[in-house]
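2 protein chains.
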Amino acid sequence: MSLKRTLLATAIAGLGLLPLSSVANEKVDLIITDAMVLTMNQDKTVYENGTVIVDGNKIVAVGDSSLAKQYSSDTVLDVDGDIVMPGLINTHTHVSMTVFRSLADDVPDRLHRYIFPLEAKLVSRDMVRIGANLGNVEMVKGGVTTYADMYYFEDEVAKTVDKIGMRAVLGETVIKFPVADAANAEEGIQYALNFIEQYKDHSRITPAFAPHAPYTNTTETLQKIAKLSLEKDVPVMIHLAESHREQEKIAERSDGLSPVKYMDSIGALNKNLVGAHMILVDDEDIELVKKSQMGVAHNMSANIKSAKGVSPALKMYDQDVRIGLGTDGPMSGNTLSTIDEFNQVAKVHKLVNQDRAAMPPIKVIDMATMGAAKALHMEDKVGSLEVGKLADIIVIDTKAPNMVPVYNPYSALVYSANSANVRHTIVDGKILMKDRNMLTVDEDAIRKEALEFTKVVRSTVIESGEVVQ
Amino acid sequence: MSLKRTLLATAIAGLGLLPLSSVANEKVDLIITDAMVLTMNQDKTVYENGTVIVDGNKIVAVGDSSLAKQYSSDTVLDVDGDIVMPGLINTHTHVSMTVFRSLADDVPDRLHRYIFPLEAKLVSRDMVRIGANLGNVEMVKGGVTTYADMYYFEDEVAKTVDKIGMRAVLGETVIKFPVADAANAEEGIQYALNFIEQYKDHSRITPAFAPHAPYTNTTETLQKIAKLSLEKDVPVMIHLAESHREQEKIAERSDGLSPVKYMDSIGALNKNLVGAHMILVDDEDIELVKKSQMGVAHNMSANIKSAKGVSPALKMYDQDVRIGLGTDGPMSGNTLSTIDEFNQVAKVHKLVNQDRAAMPPIKVIDMATMGAAKALHMEDKVGSLEVGKLADIIVIDTKAPNMVPVYNPYSALVYSANSANVRHTIVDGKILMKDRNMLTVDEDAIRKEALEFTKVVRSTVIESGEVVQ
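Quick mapping for you: the protein sequence lines, in order, are chains A and B. 20 is the number of the first residue of the first sequence in this note's numbering; add one for each residue after it. 20 is the number of the first residue of the second sequence in this note's numbering; add one for each residue after it.
Everything labelled a hint here was simulated from the structure, so no lab data went into it. No experiment lies behind these values; they were computed from the predicted model shown. The reader is advised that the hints may include incorrect statements.
Same chains, same names: a pair is fine if it fits in one copy or spans any two.
Stated by the list, open to error - Think about it this way: if two alpha-carbon atoms lie no more than 16 Å apart in a straight line, the pair counts; the simulated EDC-like pairs of lysine to aspartate or glutamate are:
#1 LYS467 x ASP339
#2 LYS418 x GLU462
#3 LYS334 x ASP374
#4 LYS219 x ASP416
#5 LYS334 x GLU306
#6 LYS195 x ASP339
#7 LYS63 x ASP283
#8 LYS327 x ASP283
#9 LYS474 x ASP374
#10 LYS334 x ASP62
#11 LYS467 x ASP416
#12 LYS418 x ASP461
#13 LYS140 x ASP53
#14 LYS290 x GLU306
#15 LYS382 x ASP220
#16 LYS178 x GLU206
#17 LYS219 x GLU271
This is chain A alone, in the form it adopts within the complex:
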């Protein structure tokens, strides 16, 4: 496209119809100028007065201010010194659960005592769509351009992602007990296969299997999914090494193996896998994780909220494991932008390592961008601002008082920024949010529909006498 346009411009100039100066300017779809560009490339190049050039859905150039002169565009975003960086990649969530957010947050054994029963009553196509719409808006406003989801009726989530214009890896849940969209694991696998068939060629959506966890599925199911995922070349997302309950159940099943070793022993630990949480992993587990090339989703905020512990994520990162940040679902995290994880990730790793130099900001930002892209095996497409990559770009306001001054952009992002500091969000070359206004969906209508659904939630929860607060 760029080449064609250049040839056309040259041809027109040859006819004497345009002044020569415009020949030098290649016409592109979007130019971002006057930016502090954090490329997050291999060398972590920063352009203090930088430019990013986008054509179609791709980045065609990244560099300093001189670059801007070589291109022209009808859409120029002069960001006045703001930070421009790769879109955030949220490696683990359950987006539709926004409609349950702030319910019974601190109930012991909450998943089994509260969440599964709540879902049995309330999960439906409508609920999945309504919740996903709300969560998508929250993510775009918080600078998340790609997310990985595990839930039910993922074809409904897919429709919302398609509409808003985000990128996503969507995993259809497989679990051994009856759930809203399947009576058993086999039906879950069939649902997933149909979903995969439907979305396998979508440019922004990657369909996937999502076996809930090792202990909530049989060995046979996990093996079948591993085999199918390699055949279809789709990801498998799973909660792994998350809880003591899981650890005990798997040890019983496997003659004492850890969850990671068990998954390896049954042939389910491979490059298509993405394990969420990975708290209860030892050095041998990490060796297996690394060798398998599987991805890891690190969800600090949810893990400490549930008092489950702190994943050795820093150790994994330092050993080149494919690891990125995730928020977990909105009943767990409880927010969906990984910006609001940054502070906690940086600081809690310092605390547990008793070292204020541990987990410096640049590692946190790497885990939110390239690390997360690697965790989802998308590092060739997204995660950094480099020529040829898809144009998933965010702009962070450096005028908000909490962001003044910026001596070190990584420090400012990790220790000062919050999700509301995101000004613009671009996915696949398209501006989804500009100056905090959503351009592709009606935010008010989405919020109103979600609030309407909360009436159903309230009446169901109150009827059954379950905990609200």
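Chain A is already provided as a structure; the job is to place chain B on it using the hints.
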């Protein structure tokens, strides 16, 4: 004032000049309606469809929707279901250090290796004013209505607080080595005394002493300040039981006493004291703290960032110690609204207690409001929405996607909110921020002046070859 107005209205009605219906309406300065009111009173009363009535600088009524009909006002804030709560009280910061934010965040032994030398070169009246102006804006935008500050040239901070309209306890630093505004501790005490004399009758500013820490002052200085503070009836703010360095130095000086026991042994632990951090305290220390009626500032975010550890703040709270949240300074925290502490306070206490039910949201909110008021010995004036208290009130946006839905307002505030969710901030009955716009100061001018000063910082830091990043 209210009584006078009622009498006047009755008198006028008696003359037949006004219709009778208006007689029922008492005219007040501000009415907040359609609010989810969290009073944070003793019973933690919540009005789901509530009203707050303000006249002059005081709250004259708090109740349900029926209350609104009894009053009239030229200023009615219909907040459309948003959360209305007491203004946040930040019990510990060094506001002027905003101009140094994001410098050398993770340098080991940072206070002595980096911050003290930096301050020796750059602290001045101008720096203090410029930094305080910026920090004040950040706090008002983040819902902080009262803060406690420890720094130099506190008379400059006082001028900025007076202008913006906030409430503050301002502690002039006393320290044994030469600093920008005093050559030694004695000069620091004299500076503080002059400052106290100048501001002792200010309605919103409480001047105070701020001996930096036990180990950076002599026993004689600490005793002299304790005595003077009781004579003048002003607070004493100090960094206490914060670091192992302090613990060792004090043990050397006192035949093995802990910092708290040492302060008690020299007669400096009393009801006027506010101790910041209080990480290294044992059960005996807590007993002394409780008995003394001193206040405690709990700065989770800064404490874990520096890997200093986690204060037993939950234990102190549960034992009725006067304890509230603080952010610490912007080189430490690095943000100044305690909203951005909530998540970390709730979750890190769960983590260290290995109990997801530990530190529930309502305790966090209590520590941000009434607890903080008690820590600063201001609980008769601020910290809750109750009749007769000063009208320090904030309104939190519940329409932002991260705040939807609100089944439990305490959960939503602690696990979902960020400082940008604050919509309106009212101090002393006056609206300082409305719909996120500052009404009493020029935010752009303040930011520009701060950015101008960063040039001085950059050149000084770079000249001296010190760490920037």
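Broken hints, by number: Numbers 1, 4, 6, 7, 8, 9, 10, 13, 15, 16, 17 - these are the hints that the structure violates, sorted from lowest upward.
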